[in-house]
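Novice: Chain B: place on chain A using the hints.
Chains as they are written, first to last, in this note's numbering: chain A, 609 to 826; chain B, 115 to 593.
Check before you lean on any hint, since a few could be wrong.
As the list claims (entries may be wrong) - Listed next, the stretches of chain A that the computed footprint assigns to chain B, with coverage defined by at least 3 CB atoms under 8 Å from CB atoms of chain B:
| no. | region |
| --- | --- |
| 1 | 657-670 |
| 2 | 673-679 |
| 3 | 750-764 |
Hints listed in this document are in silico derivations from the structure and should not be mistaken for laboratory results. For each residue, glycine too, the CB sits at the ideal point set by N, CA and C.
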Amino acid sequence: MTGAGAAGPRLLEEDGTATGDDLARGMARVALPPQTSPPAEPDASPPQEPALLDLPEGMEAGPIDHGWAPAALTPRRPPPSPLNWIAGGLALLLLGWLVLSATAFVQDSFDRSATGGWITVAVFATALAAVLRGAWLETAAYRRLQGVDALRAALTRDDGPVEPARRLALDWLDRLPHLSEAAAARPTVAAAATILRPTRGAPHPSGGAVAPGHPPLR
Amino acid sequence: MLQRLGTGFLNAVQDTSAWTDSLLHETTLRLAVTGLSRAGKTVFVTSLLANLLAMGRGPGAGLDTLPALRVALIPQGGAGEAVPRLRGARLVPPGHEDIPTFDLARHLAALTAPSPSWPPRTNDLTETAVELTLGRDGLLGRHRAPRRLRLEILDYPGEWLLDLPLLDQSFAAWSRETLARLRQGVRAEVFVSFLAQLPSLDPATPDHEAVRRLHQAYRDGLRVAQEEHGLRLLQPGRFLCPGPRADAPFMWFFPLEGAPDHPRSGTLADLLQGRFEAYKADMRARFFERHFARFDRQALFVDVLGALHAGRESFHDTQEALALIASCLIYGGWSLGRARHGRIERVAFAATKADHVPAIKREALRFLLRDLVEPAREPVGKGPVSFHAVASILSTQDATIDQNGLAHDVVRGTLLGSGTAKLFDPGTVPVACPPDSFWGKTHFRLPVFEPPRGEAIGAGGIPSLGLDALLLALLGDEL
Numbered sequence: 609m610t611g612a613g614a615a616g617p618r619l620l621e622e623d624g625t626a627t628g629d630d631l632a633r634g635m636a637r638v639a640l641p642p643q644t645s646p647p648a649e650p651d652a653s654p655p656q657e658p659a660l661l662d663l664p665e666g667m668e669a670g671p672i673d674h675g676w677a678p679a680a681l682t683p684r685r686p687p688p689s690p691l692n693w694i695a696g697g698l699a700l701l702l703l704g705w706l707v708l709s710a711t712a713f714v715q716d717s718f719d720r721s722a723t724g725g726w727i728t729v730a731v732f733a734t735a736l737a738a739v740l741r742g743a744w745l746e747t748a749a750y751r752r753l754q755g756v757d758a759l760r761a762a763l764t765r766d767d768g769p770v771e772p773a774r775r776l777a778l779d780w781l782d783r784l785p786h787l788s789e790a791a792a793a794r795p796t797v798a799a800a801a802t803i804l805r806p807t808r809g810a811p812h813p814s815g816g817a818v819a820p821g822h823p824p825l826r
Numbered sequence: 115m116l117q118r119l120g121t122g123f124l125n126a127v128q129d130t131s132a133w134t135d136s137l138l139h140e141t142t143l144r145l146a147v148t149g150l151s152r153a154g155k156t157v158f159v160t161s162l163l164a165n166l167l168a169m170g171r172g173p174g175a176g177l178d179t180l181p182a183l184r185v186a187l188i189p190q191g192g193a194g195e196a197v198p199r200l201r202g203a204r205l206v207p208p209g210h211e212d213i214p215t216f217d218l219a220r221h222l223a224a225l226t227a228p229s230p231s232w233p234p235r236t237n238d239l240t241e242t243a244v245e246l247t248l249g250r251d252g253l254l255g256r257h258r259a260p261r262r263l264r265l266e267i268l269d270y271p272g273e274w275l276l277d278l279p280l281l282d283q284s285f286a287a288w289s290r291e292t293l294a295r296l297r298q299g300v301r302a303e304v305f306v307s308f309l310a311q312l313p314s315l316d317p318a319t320p321d322h323e324a325v326r327r328l329h330q331a332y333r334d335g336l337r338v339a340q341e342e343h344g345l346r347l348l349q350p351g352r353f354l355c356p357g358p359r360a361d362a363p364f365m366w367f368f369p370l371e372g373a374p375d376h377p378r379s380g381t382l383a384d385l386l387q388g389r390f391e392a393y394k395a396d397m398r399a400r401f402f403e404r405h406f407a408r409f410d411r412q413a414l415f416v417d418v419l420g421a422l423h424a425g426r427e428s429f430h431d432t433q434e435a436l437a438l439i440a441s442c443l444i445y446g447g448w449s450l451g452r453a454r455h456g457r458i459e460r461v462a463f464a465a466t467k468a469d470h471v472p473a474i475k476r477e478a479l480r481f482l483l484r485d486l487v488e489p490a491r492e493p494v495g496k497g498p499v500s501f502h503a504v505a506s507i508l509s510t511q512d513a514t515i516d517q518n519g520l521a522h523d524v525v526r527g528t529l530l531g532s533g534t535a536k537l538f539d540p541g542t543v544p545v546a547c548p549p550d551s552f553w554g555k556t557h558f559r560l561p562v563f564e565p566p567r568g569e570a571i572g573a574g575g576i577p578s579l580g581l582d583a584l585l586l587a588l589l590g591d592e593l
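Here chain B stands alone, though its shape is the one from the complex:
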């Protein structure tokens, strides 16, 4: 009994001490790494962690991997070459025991293998946290305990982000909007089989086999639209990247023609609406309310170049998807959708794969991003918003070739898989959303270059482009 009392007392003292220490010396920032699928979120997290860890290897061992961040970390009044206040950086347990931890070692191993490859795309939620130990400024500050900045980062499949707008939609409204969209442009070709089968369903009595068949046809259409046509506004996101509970019956639904707002019990519309609501409830409980509503900072990645080269429909689709997502996020306020309590203080929009564009055109890429997300900026409140052209991992080098007697800037990279060195000319990068006359019928798929090689890459950080400026914009006030 006495031993139990003693242990309890010691635990209470320890907990109180840890709580006080955390209150006095620790700041936690939750960074939402958002973006549509294949925008480069996982690569960003990998590069961010590798570079921060290399920079914070301890006194005398740190490396200058993020120069803009290093400058911001120099003590006030210090000379340009003074040592930053960063005393250490280490990975710490992220806090949620039921969420897999971001596998940095595996991603770095893939990048630094003899035949390097890019980290695989994210199929489920993963979480990570890095703790920066920062010295304090001033005469008194130097003798106080260092400050700890804990940065919590969530990585997740980008497709899921498009389920955010669903949360406040009814099944009938979603069905109407989705079917209208499916009958336009390239979607009409992709979903021809689904649209043809839709009228064959009996609205009064649900045939479960037919429902599953239609669900599969809808899902196949989404996949083709994403992979072959570069479309991004594809809902529900978990139909493309199911994550856990992929076979749960609530996943078996699809947009229904003429779905009423209040269907009668036992009808097909009632069945599909029930599944739609169960799907929303699951996403809300497992993803949005638990993780998404608690962020302080947000980085929103957009593959602007990929959308530009995939053609007009893909470009406008990306624009619409971004506007839809941003309409659900209220910055600097107190809500995410309705009943949420997040407060996003700083937002950075980033055009990824900036290394596929020579330096001379990167500003154009940044302005294009700015124009692309202009409709999405409306809900952005007073919080600072910045725009960046970023390559989290630099996979090309700039080169100049002679073209008809004129110097022409391109980038040089090694194609992933074949190992062949190629030059890539991104063509015209407009500074604003281009007019209709810009678009033709041919589409271009961005080449995939292999990650850079070098003995120092990995533990010694990773070469990047604009990553430090992006981090400075997001975290600068807390450094």
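Same shape as in the complex, but just chain A:
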């Protein structure tokens, strides 16, 4: 490049094409602007040479530390979508129709005779209890499956957080009272310090060591 004076043109400060403070901090939170025409051509000032400069007095001279601590992606349920509203409305219509029809039917039975009315109530109540019990059992089984899936996901990573994995593992063991191995494994899991099971004599990948008496989760 040509030799030139130190004070060069400041073309980009005026046209505002820089992506802003986020880029300056190294946190490109915005996408680059659309591919538009390039900014205006430089003026006739001589180009400015690159230079490596000493720090001026008063400027911090320590190593670069961006204070890198990205925010955690906290789980949060998204708001209901239009499909949720439609499905909810249809379910309410169906349920309402069933309840109102059943009520009218029971009322008709009572109008005919009190005995018939009570028999109808008993039949409907028994059927409803059976349906509710079945739904309850199905929901509980689904939740147990979700727990096992979450545990599997938590144990996938050797460097993942230990506490959630421990809690999930203990919950799972508690659901297996008929297995003696589950009861035996419980204290081991409760005392685990890491997720990783190190091979014999191998160091822990985090650089630390697994403390004696604190076995891994798996």
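Specialist: Chain B only, in chain A's frame:
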């Protein structure tokens, strides 16, 4: 017998189940990380993997390392703070048993050591794959099995990319073009010894010792041109970075003066042409057709700033090299050169080392890249093309100094090795390829700053600049 039948049946059932599962729930994208040597491909792959793995650590444990990607992953209709659909990210076996796996742990260890250093330059092919587990949108989608996006990435020495144009060239044509180039500019000084020895060869009877000597002289010239003058259009690429079979005889050739298109058997031209063709066949079989023709997405990294500061010849050399490479890649079509069957759907050009430029000048760097690769854009078809200014690992911070009473934007970094904090002023960054009046005789070598320090770097991701926007441009449609 029954046991064998049983095992065979079980294996068949298992294979069918895995195949069906893959068909229903898995998408594979092959990302070509391309670029000339020292453009920052290995650093990019390291940062990409570290940040994706940190982001996909699982429910409640993921980190917001790639903000633009996080926004794209929020379920449709979700609020800004809603959790992304990314449920997990993990490294998976890349699939080729005979290719070394990209050593992420080693590169991260180098970056996070008490005295951090940059990952060493790539000397051979390495491969890696990361699998992203993505939840599905919608009422029904939330109750279906999650989708898996498998991203396969190949890292390789950038020098090899320049062998791509060789595939469709004859030895005679290559010799003519190369010798013409060697007699111009700084190359004429660098290759003075090789050019002086060339006429001493007997064209009728090949002297194997002399051939090896000339080959070595040519190779030495390539190395000097690369390391001391920042030139990039240096062929064949494996003369600079040999990889496996470095001592195979087919490597011992060089451009020959007056090489005929159809040489007589037993002559020097015949010997060199045979080796040239064997070299091409080896590169085609081992690298280009096996790996390069199967990519869906391409990131092309260019050290624009390094080329700009290395002077006019280096800058134009980089431009020519990029045009030559791009002329061999047909995007959105059905070929790579001739008999290939790749289809590159999206291309992102990236000017690397953007952290060596203060924020105010980064847009200029991006426009300069765009202008630099303009000749290379011609073959780009209908697929989306984007341009980025990227620092895969952010090693500087912006600073403002007072210069003659005016505020002046620079970057601050710590020099690798000495540990001294310095300011770097990149000078003028033109928004388009500069005119001849821009260039002088002095060249400037970019300072090498040490990687950033911090306890969270590594498993907690790596600070980067523009990496998320680049990934969004490349992968956004599949997220």
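Novice: Each hint needs a verdict: does it hold in this structure or not?
Specialist: Hints versus structure:
Residue count for the region 657-670 of chain A with a Cβ under 8 Å from a Cβ of chain B: 12. That meets the three needed, and the coverage hint holds. Counting residues of the region 673-679 of chain A whose CB falls under 8 Å from any CB of chain B gives 7; the rule of at least 3 is met. Judged by the Cβ-Cβ criterion of 8 Å, the region 750-764 of chain A is covered by chain B as claimed, because 4 of its residues qualify and three suffice.
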